[in-house]
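Undergrad: Here is what each chain is made of, one letter per residue.
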Amino acid sequence: MLRLIKSGSGFWVLLFAATWGLSASSFAIYKALDARWIIRFPKKWELQLDGVISDFLTWLVESAGFHFFSFKDLTRGIAAVIEAPYQFFRNLLIEGFSTGFGETATQLSPSLSWIAIVVCVTLVGRFARDWKLAALVGVCFLYLAIFGRWQSAMITLSSILIAVPIGVVGGLFLGIAAYRFQWVNLALRPILDLMQTVPVFAYLVPILILFGFGPVAALVATVIYAMPPMVRVTIMALQAVPSELQEAGRMAGCTRRQIMWKVLVPAATPTLMVGVNQVIMLSLNMVIIASMIGAGGLGFDVLASLRRLDIGAGIEAGLAIVVMAIALDRASQAFSERKHQAARRGNFLQSHPLSSTMFIVSGLTLILGFFVPAVQSYPESLTITTGPFWAAAMKWVNINFFDTFEAIKVVILQWLLLPVKRFFTGIPWAWGILTMGLIGWRVDGWKLGVMAALMMAFIAANGLWAKAMVTIYLCSVSVFIATVIGIPLGIWAAEKPRAGKIILGLMDTLQTLPSFVYLIPVIMLFRVGDFSAMIAVVLYALAPAVRYAAHGLREVPEQMVEAGLMSGCTPGQILRRVKLPLATPHLLLGLNQTTMLALSMLVITALVGTRDLGQEVYIALTKANAGSGIIAGLSVAFIAIISDRIVNALADKQRKRLDL
Amino acid sequence: MKYRSVAAAALMVATPALAQESNDPIKLTLHDWSGQLITTTLMGEVLKEAGYNIEYVQADYIAQFAGLKTGDLHVAMEIWETTGREAMDEAIGTGNVVSLGETGMDAIEEWWYPAYMEERCPGLPNWEALKECAEAFSTPETAPLGRYLGGPVTWGGFDDERVEALELDFEVIHAGTDAALFAELEAAYQRTDPILLWIYSPHWAPAKYDGSFVEFPAYSAECYTDPSVGLNPDAAYDCGKPTGPIWKVSWAGLADKWPNAATAIKNFSISNDAMGAMVTDVDLNGQTVEATVAAWMAANTSTWSAWIAK
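For the protein sequence lines, the chains are A and B, in the order given. Position 383 of the first sequence, counted from 1, bears residue number 383 in my numbering, the numbering being contiguous throughout. All you need for my numbering is the position in the second sequence, starting with 1, plus 1000.
Hints should not be assumed to be uniformly reliable.
[As the list claims (entries may be wrong)] Okay, the calculated beta carbon distance ranges per label pair:
no., chain 1, residue 1, chain 2, residue 2, range
1, B, R1085, A, A17, 46 to 54 Å
2, B, R1120, A, N400, 15 to 23 Å
3, B, R1085, A, A392, 34 to 42 Å
4, A, V184, B, T1243, 57 to 65 Å
5, B, P1217, A, N400, 38 to 46 Å
Just so you know, the hints here were simulated from the structure itself, not pulled from any lab data. What you are looking at is a predicted structure, and each value in this text was computed from that prediction instead of being measured. Glycine is no exception: its CB is placed at the ideal position from the N, C-alpha and C atoms.
With the hints as constraints, model all of the structure from the sequences given.
TA: Here it is as structure tokens:
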């Protein structure tokens, strides 16, 4: 028996069997012993933390201060600093410059015309790489005009133009600080974890109070959400710079600052651009939530049209976000790969052909715009909409295929969702805490074990155990399905590059398309309930599973494959015996990211009526109860952190075993 | 009378009496459903006619109270008795938010079914018919119980308690948002599948879909609080839902900074029918909110100019 426990797999089998048994019989035990505390955390032991947090926030907002000014003055000051450039971009791109308010307003200058903006971004594309990229970016922006999304798109673009630089520069500096000073690194890690995993809804209320209503609060929330990857990537990129380069810098007599900015940062730029890309993508991900608290723009269009059940308009507005993401992403990638070119000679027109074209076009359209309105703003009569088509298509699918979908759904519900749900929700809380501790200990030593147990205890002690279990159930089922679909897709993408391009493009779209867009059709076909929530989570969380699988397989060293071929493996054997085992660390990282995304989707699925922690956060938001929102948000974050640490430890072990 | 009030309105714009009021923009909050956008735009345009500077701010329905308390936001035009009461009372309790009275619209919310269900469940709209034909409303997940799709959990409504008290064989499923709610209705309506759900008015749904509200025993305050009242002697909530006014609220400083505007907002009143017609124009006929409001204002000059007349 003892030997069995000590051997690797025996421990897991036993732990699972014990959990299963307890989960199935917990209700019976409670009845038999008349001990309700087995399944419910005793009310009198519950921590009343939400009140404490709410009080603290009230204090922070109303009384906290530093001698001369209060904390709120500080945040309001920051808000004003952010607001000024934001308003400038808005005026420049869409609203035009004017003085005064309402009736007395006089316009100083109209905004840039749509033609000027399309030409400018096209030329930026040319500048960044070539005419091919220029055409792509230009077409993307034309889409916005043709589908009648121009106004909203420009509002969204202004907030992106503010949020992304703040996120990138802030992330870069934090990353550098963490690279330089170990204590910053240690202090930053848990904060980054929380920033990435606490659902945005949880801290929305405090942000609104501190930064005021309107676009600035939305910008702050966007930056908080989008910055962490930049910090992480910066730390990683700086650490990965070969030490020889640093040595060379030192030899050449560089100061520390020079080493940082002339050697380390330039050498790390390609990796840093991955961070920039992430910041752009995450900022665009936030567009919907930002619009709920006053950012307006494309996110608002998506929400408003879906509330009218105008699916076509919702899809068009959603695709406008995707299109914008593609344009910004490709352009920023191109900038990072851009080679320096020798300065050209001649007068300004000759030496700066692109900038001068921009100025000339902007100036010309500005003057023309006074006489021909169509030059200033895209004429409404020329916009097209695919709304009726989508409505008809949706109706056709709904009427003809609903029964098939229903049959599939019932099977999956009965054989997968319900049994898993029963398993997780049956686990008595005390055993759950213990199990998490044991798993952590077994995977990565006692430190992780203690941390995991404490975190689970925090959840139970705040009376959120049942909801946390529903969360874990929904997540694990979704992650399981996303992995089952995603890894084969990733393998396919890696083996067949042409198919891979399409698959990875599709994944980009799925990730930037606001989930609300497909949530509503999913509900129409699958009704409100866990199943619809699961589909939405799977669609959103699929991308990393595919990407990491594809990346992992491509990274397998050529000589390993050669060796396999030499020893007479069939292609199938090479895949199964050589490539997949070597790619396991990547697959695990993909699993990790899939879990993170699944958890971050939970708040959105609360909008379709699940009963989990996401719902708890959402309820707290709608009741403006900052305390309980933060508690529920922390609980989600803790689940995410535990799963992150466990999976990372597994990946590390695997990497060591494979000697990579 | 009509001309006199128009003249009065015109005079108000011209007279320097306004000069003592602040020129800062009054911030009105916008939410994400058309009816509210119409109400707010209407109020905003009327105030513009009276010479005020107006700014529309997008804000969350409940989260906006934080802004109303501090004076970041000034006016919220639609707080529904049925969904926003709790937050409104809390805010007014702090003394920083005041009620500006009712909008004249009455919120109706109740269980609702499409007309084609009357054949499958004879006896509707009387609620007792539901006792006999719960199975007609069932889905594979809920069978043999019927399925009732309730509103978002946060919007209250005591449906779980009602089902219990009236001994209905129904399972209550909560939609997370009303977008989800109406998506399901639209899909079921296309297939003429059974559905029973929570709907509120003024809204475009009762105009678009043919159907009726279930008639429960009439609501009374005692029925909700006192178990002995009503059909079931042992349970509260054995009756229908209350209807309730839609309120206007503002930041407490509004009346000091813009006294006449505060009066105008207090005067604002519009009927369910007029609002229902405008909501239909916007959501079903594809009009813009601005055009719909402008059309209403052109046709009802005397009504709105009376709001801003002193």
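Undergrad: Run every hint past the structure and note whether it holds.
TA: Hint by hint, here is what the structure shows:
Look at R1085 (chain B) against A17 (chain A): about 51 Å separates their beta carbons, and that is inside 46 to 54 Å. Separation of R1120 (chain B) from N400 (chain A) is about 22 Å and conforms to the stated range, judged on CB atoms against 15 to 23 Å. Under the hint 34 to 42 Å, the C-beta atoms of R1085 (chain B) and A392 (chain A), about 41 Å apart, fit the expected range. Checked against the hint of 57 to 65 Å, the C-beta distance between V184 (chain A) and T1243 (chain B) comes to roughly 59 Å, which is consistent with it.
At roughly 42 Å, the beta carbons of P1217 (chain B) and N400 (chain A) sit within the given window of 38 to 46 Å.
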